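Given the sequences, and given the hints that come with them, work out the whole structure.
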Amino acid sequence: MEYGFVGAGEITAAIVEGLSKDITDPPSVFLSPRSRSVGQELSARFANVEVRDSNQAVLDSATTIVLAVRPPIAEEVLRDLTFRPDHVLISALAGVPLDRLRDWAAPAREVVRSIPLPPAARRQSLTAMYPDNPEARALFDSIGGSVVPADETDLDVFSGATATFAAHLDYLGTIAAWMTDQGIEDTTATAFTSHIFGQLGHSLVQQSGSLETLTGKHMTPGGLNEQFLTDLRTNGVPDTVRQALDGILARLRDQ
Numbered sequence: 001m002e003y004g005f006v007g008a009g010e011i012t013a014a015i016v017e018g019l020s021k022d023i024t025d026p027p028s029v030f031l032s033p034r035s036r037s038v039g040q041e042l043s044a045r046f047a048n049v050e051v052r053d054s055n056q057a058v059l060d061s062a063t064t065i066v067l068a069v070r071p072p073i074a075e076e077v078l079r080d081l082t083f084r085p086d087h088v089l090i091s092a093l094a095g096v097p098l099d100r101l102r103d104w105a106a107p108a109r110e111v112v113r114s115i116p117l118p119p120a121a122r123r124q125s126l127t128a129m130y131p132d133n134p135e136a137r138a139l140f141d142s143i144g145g146s147v148v149p150a151d152e153t154d155l156d157v158f159s160g161a162t163a164t165f166a167a168h169l170d171y172l173g174t175i176a177a178w179m180t181d182q183g184i185e186d187t188t189a190t191a192f193t194s195h196i197f198g199q200l201g202h203s204l205v206q207q208s209g210s211l212e213t214l215t216g217k218h219m220t221p222g223g224l225n226e227q228f229l230t231d232l233r234t235n236g237v238p239d240t241v242r243q244a245l246d247g248i249l250a251r252l253r254d255q
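Counting from 1, one number per residue, gives the positions in the sequence shown under our numbering.
Derived from the structure by calculation, the hints contain no laboratory data. Quick caveat: nothing in here was measured; it's all calculated off a predicted structure. One or more of the hints may lead you astray.
Quick list of the computed label-pair ranges, beta carbon to beta carbon [as the list claims (entries may be wrong)]:
no.: 1; residue 1: Thr162; residue 2: Pro131; range: 16 to 22 Å
no.: 2; residue 1: Asp154; residue 2: Ile175; range: 29 to 35 Å
no.: 3; residue 1: Arg109; residue 2: Ser28; range: 18 to 24 Å
For every residue, glycine included, the Cβ atom is placed at its ideal position computed from N, Cα and C.
Next up, the structure:
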């Protein structure tokens with residue numbers, strides 16, 4: 001298998017690492033020159049990775065193409081390229097619909113939207129994609145797995161969920177800062193907070209029931225976890241989260 005990447009940011013770097021690191025027979029990977037520092041670092045680490053002189057050279061070298069540029073410049077980038085009918089374009093752009101991508105990448109045979117995540121570097125990214133496609137599924141299953149929603153519009157819901165990362169980390173930062181306010185040394189507070197929620201993340205991955213069931217397992221009637229959760233619910237935190245997610249979804253669907 002040969003993969004070409006147009007755009008060389010963090011997501012490209014994560015996918016390429018997942019495809020290449022500690023793999024006996026890794027696929028050939030061709031990178032665009034847009035971010036030479038990223039491409040040069042990856043090509044220096046992995047023998048299967050090469051940086052091409054142009055985006056068109058990437059398309060000329062591979063059939064399966066991953067698009068990972070900023071959405072505002074996607075049309076400009078794609079219309080400047082000559083696609084073949086046998087190309088499969090896998091877009092990692094949030095909110096850019098299939099009909100627009102197909103127009104920009106014509107006459108490419110197949111176009112797929114996807115939401116790869118940074119854990120792809122560790123082959124632990126459960127990637128949402130639409131529509132189902134054997135080349136895209138092979139790529140994403142090799143870096144952690146794939147899920148295909150019933151409809152393209154559902155993909156925006158998955159994108160909305162990923163928009164919560166920074167807020168979640170800020171929440172953890174607030175907990176660590178509160179510990180520091182109580183006199184705990186800053187690095188100790190950060191290390192402890194990161195540890196307990198990192199372990200909770202392992203529980204999330206391994207659990208097979210609902211999140212509500214897992215929540216119940218982490219609190220007892222009248223206990224401290226129940227008190228904290230009740231305070232947040234009383235102050236409308238879940239409603240605020242839902243409203244913010246509704247705003248994200250509206251933005252994605254208005255693009």
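A quick look at each hint next to the structure:
1. Between Thr162 and Pro131, the C-beta spacing of about 19 Å keeps the proposed range 16 to 22 Å intact.
2. Separated by about 33 Å at the C-beta atoms, Asp154 and Ile175 satisfy the suggested range of 29 to 35 Å.
3. Taking 18 to 24 Å as the suggested C-beta distance range, the pair Arg109 and Ser28 conforms, at roughly 20 Å.
Comparing the model with each earlier hint shows no violations; every hint is respected.
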